[in-house]
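A.B. asks: These are the residues of each chain, in order.
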Amino acid sequence: MNTIDYLLHGFATAFEWHNLVFAFFGVLIGTAVGVLPGIGPMSGVALLMPITASLTGALSPEAAATSSIILLAGVYYGAMYGGSTTSILLNTPGESSSVVTTLDGYQMARQGRAGAALAISAIGSFTAGIVSLIGLIFLAKPLTDIAIHFGPAEYFSLMLLGLAAVSGLAGKSMTKALIMTVCGLMLATIGIDPLSGVSRFTYNLPVLYSGLEFLTVAVGLFAVGEVFKTILEREGNEGSIAKINRILPTKQDLKDSAAPILRGSVLGFFIGVLPGAGATLASFFSYIMEKKISKTPEEFGKGSIKGVAAPESANNAAAGGAMIPLLTLGIPGSGTTAILLSAFIMYNIQPGPLLFNQHPQVAWGVIASMFIGNLMLLILNMPLVKVFAKVIETPAKYLIPFIVAFSVFGVYAVQYSVFDLVLLMGCGVAGYFLSKNDFPLAPLVLGLVLGPMIENNLRRALTISNNSLSIFIEKPISLTFLIIGLLWLAIPLLLKIRGRKVLINEEA
Amino acid sequence: MNKTFDRYAGIVFLALGALCISESLKISKGAYGSGVGPNTLPMALGIVLILLSIRLIYETFRYAKSEKAPANLDYKRFAIIFAAALLYAFFIEDLGYVITTFLFLFVGFQTMERGRVWSSLIIAAVFSFGVYYLYVDVLEGTLPGFPSWLS
Numbered sequence: 000m001n002t003i004d005y006l007l008h009g010f011a012t013a014f015e016w017h018n019l020v021f022a023f024f025g026v027l028i029g030t031a032v033g034v035l036p037g038i039g040p041m042s043g044v045a046l047l048m049p050i051t052a053s054l055t056g057a058l059s060p061e062a063a064a065t066s067s068i069i070l071l072a073g074v075y076y077g078a079m080y081g082g083s084t085t086s087i088l089l090n091t092p093g094e095s096s097s098v099v100t101t102l103d104g105y106q107m108a109r110q111g112r113a114g115a116a117l118a119i120s121a122i123g124s125f126t127a128g129i130v131s132l133i134g135l136i137f138l139a140k141p142l143t144d145i146a147i148h149f150g151p152a153e154y155f156s157l158m159l160l161g162l163a164a165v166s167g168l169a170g171k172s173m174t175k176a177l178i179m180t181v182c183g184l185m186l187a188t189i190g191i192d193p194l195s196g197v198s199r200f201t202y203n204l205p206v207l208y209s210g211l212e213f214l215t216v217a218v219g220l221f222a223v224g225e226v227f228k229t230i231l232e233r234e235g236n237e238g239s240i241a242k243i244n245r246i247l248p249t250k251q252d253l254k255d256s257a258a259p260i261l262r263g264s265v266l267g268f269f270i271g272v273l274p275g276a277g278a279t280l281a282s283f284f285s286y287i288m289e290k291k292i293s294k295t296p297e298e299f300g301k302g303s304i305k306g307v308a309a310p311e312s313a314n315n316a317a318a319g320g321a322m323i324p325l326l327t328l329g330i331p332g333s334g335t336t337a338i339l340l341s342a343f344i345m346y347n348i349q350p351g352p353l354l355f356n357q358h359p360q361v362a363w364g365v366i367a368s369m370f371i372g373n374l375m376l377l378i379l380n381m382p383l384v385k386v387f388a389k390v391i392e393t394p395a396k397y398l399i400p401f402i403v404a405f406s407v408f409g410v411y412a413v414q415y416s417v418f419d420l421v422l423l424m425g426c427g428v429a430g431y432f433l434s435k436n437d438f439p440l441a442p443l444v445l446g447l448v449l450g451p452m453i454e455n456n457l458r459r460a461l462t463i464s465n466n467s468l469s470i471f472i473e474k475p476i477s478l479t480f481l482i483i484g485l486l487w488l489a490i491p492l493l494l495k496i497r498g499r500k501v502l503i504n505e506e507a
Numbered sequence: 000m001n002k003t004f005d006r007y008a009g010i011v012f013l014a015l016g017a018l019c020i021s022e023s024l025k026i027s028k029g030a031y032g033s034g035v036g037p038n039t040l041p042m043a044l045g046i047v048l049i050l051l052s053i054r055l056i057y058e059t060f061r062y063a064k065s066e067k068a069p070a071n072l073d074y075k076r077f078a079i080i081f082a083a084a085l086l087y088a089f090f091i092e093d094l095g096y097v098i099t100t101f102l103f104l105f106v107g108f109q110t111m112e113r114g115r116v117w118s119s120l121i122i123a124a125v126f127s128f129g130v131y132y133l134y135v136d137v138l139e140g141t142l143p144g145f146p147s148w149l150s
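Just so you know, the protein sequences line up as chains X and U, in that order. For the first sequence, numbering that gives the first Met the number 0 begins at 0 and goes up steadily by one. For the second sequence, numbering that gives the first Met the number 0 begins at 0 and goes up steadily by one.
Careful, some of the hints might be misleading.
As the list claims (entries may be wrong) - Chain X stretches covered by chain U per the calculated footprint, using a threshold of three residues with CB under 8 angstroms from any CB of chain U:
#1 191 to 204
#2 393 to 405
#3 411 to 424
Said to hold, decoys possible - Below, a list of computed lysine-lysine pairs in the DSS-like style, where the Cα atoms sit at most 27 angstroms apart:
#4 Lys171/X with Lys2/U
#5 Lys171/X with Lys250/X
#6 Lys228/X with Lys75/U
What the hints contain is simulated information worked out from the structure, not anything from laboratory work. Please read these numbers as outputs of a predicted model, since none were measured by experiment. C-beta: ideal position from N, C-alpha, C; glycine also.
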């Protein structure tokens, strides 16, 4: 079968009625998650995992995985649509990848063009979603063909590259990012070592034998941590919400934003494919690029529609692009894709090159559903944008306790243990203090996910080579990965030494 | 950048790294492979963590003096909600999901903003019963039900 056949099969899967429902609820919840400040795509996806797990309980593992991932991926890219709504109407980004949208979006809203800004960001997001999916389809096959020849040594180096990329770009201080990465890897060693059966750091506590549950740590650090921040810092939605008058953009608006949308989509896609550089960086870069190539750069920041179209397209394209390393290599490049990876593993399906051979309906079903999901989002976001604008007004009084209760429900429904609930609260406190002091959380989460895989591949590689570390340098692909990883850490350092400002990725 | 926090954090991470090394010495080597046993990675991570935290502590000496005024944090509100959440976690198995969730939400709503007791009561009740009903009866999941002396 060739790619087109697989894709058609994927559409057959995605058009099964329950998968349509899953896609719909995924994008609907995703939009709401994007709109609500205080809950980002990452905590949204983490919180929904237990619910999808029980919803799909009756299906076969493969079908269950497909449906769950369809829903969870829907939340991920749906949040990219929703994030722009608060940026434009309230000047407060709903999540970090919409920060740049505030620059021109809010100005447009003040000029009474909020509707046009929202519509353009929805259209841009849709175009970008489609562009990134086409890229995904064309890149999936060649990438898996290469990756299928990877041995443990290549995988080990590739994962190190992933960690290096995330640590190099996350947060203000690379030292702190690296500390968080190492901590994540350390937390991952807790439990019984799968290769030797020796227990590590368990101190004879039965709850620790299976290790710390990834879901608990992620929900605690992100969702609960964010809630604690809101409680402590008395954050609220101040300022009034701009009115939406006319939703459809004018012909001039469309004409002006067509090129930025396309450029933003392509740029965002390629940035999304890179590990570590996520939607936030993509939106920054595309905004800067548009301003550079524009004939009238002085219009930017004063309500230029190009300044809304480009970053909003880029962040959505990046979300699609980020699915590529996840699906084809089995390696997450960001916090949110790390959670998606753990969702795959929960169903005993390992993403990576074998995914496309062993479970083609999962991989292609998810890809096809993203087409449908993007279409649904366009429909949801154009006429219903006024409804979502109302979501912003959800009072914090109710929202905050609800998020806590929901986190507790989510963790308990999967783990059935009080220990995990206490761990959840502990992670919440840790998450608040760490992120407040510029210790980025995404590297920790990524380390926790990749830890067992890294260790496994390291030991397998060393067994093959009779404990000689040179195996990582002798294999050309592995060496390339290691060099790129090293450069990824070294170049920002060099730039910093030379006094240049380095753009960092603050995405969770 | 908060100098004090970073310095203490550096010391904590340093201690963590040392602990990791000393504990990894106690892990039995295991029969798998020969050179790389289950203790290799924890040991290596411990060493890296120690190096990184020394670097972090060193960096804190170079911070420019921060003149940021201490933010006015609402510790009282946080303490109440955090304590309520911990009690919620401890008693969820003994008192059941519905009762603990209801109590937690009610306390949470009232702590966030006083007043409108009735709407808080109703929303808390609807959420706790609603989630329990949906999850246990419709989706056939498992949550701790009501305590035995009630049912």
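A.B. asks: Examine the region 191 to 204 of chain X for residues whose CB is less than 8 angstroms from any CB of chain U, and state whether their number is three or more.
C.D. replies: Satisfied; 7 residues make the cut.
A.B. asks: Are at least 3 residues of the region 393 to 405 of chain X within less than 8 angstroms of chain U when you compare beta carbons?
C.D. replies: holds (count 9)
A.B. asks: Between the alpha carbons of Lys171/X and Lys2/U, is the straight-line distance 27 angstroms or under?
C.D. replies: holds (14 angstroms)
A.B. asks: Please verify the coverage claim for the region 411 to 424 of chain X: does it have three or more residues whose C-beta sits within 8 angstroms of some C-beta in chain U?
C.D. replies: Contact hint for the region 411 to 424 of chain X vs chain U: holds, 8 residues under 8 angstroms.
A.B. asks: CA of Lys228/X to CA of Lys75/U, is that 27 angstroms or under?
C.D. replies: It holds: about 13 angstroms lies between the C-alpha atoms, which stays within 27 angstroms.
A.B. asks: Need the status of pair Lys171/X, Lys250/X: alpha-carbon distance at most 27 angstroms?
C.D. replies: Roughly 42 angstroms separates the two Cα atoms, so the pair is violated.
In the structure shown, a violation is registered for the earlier hint numbered 5 alone.
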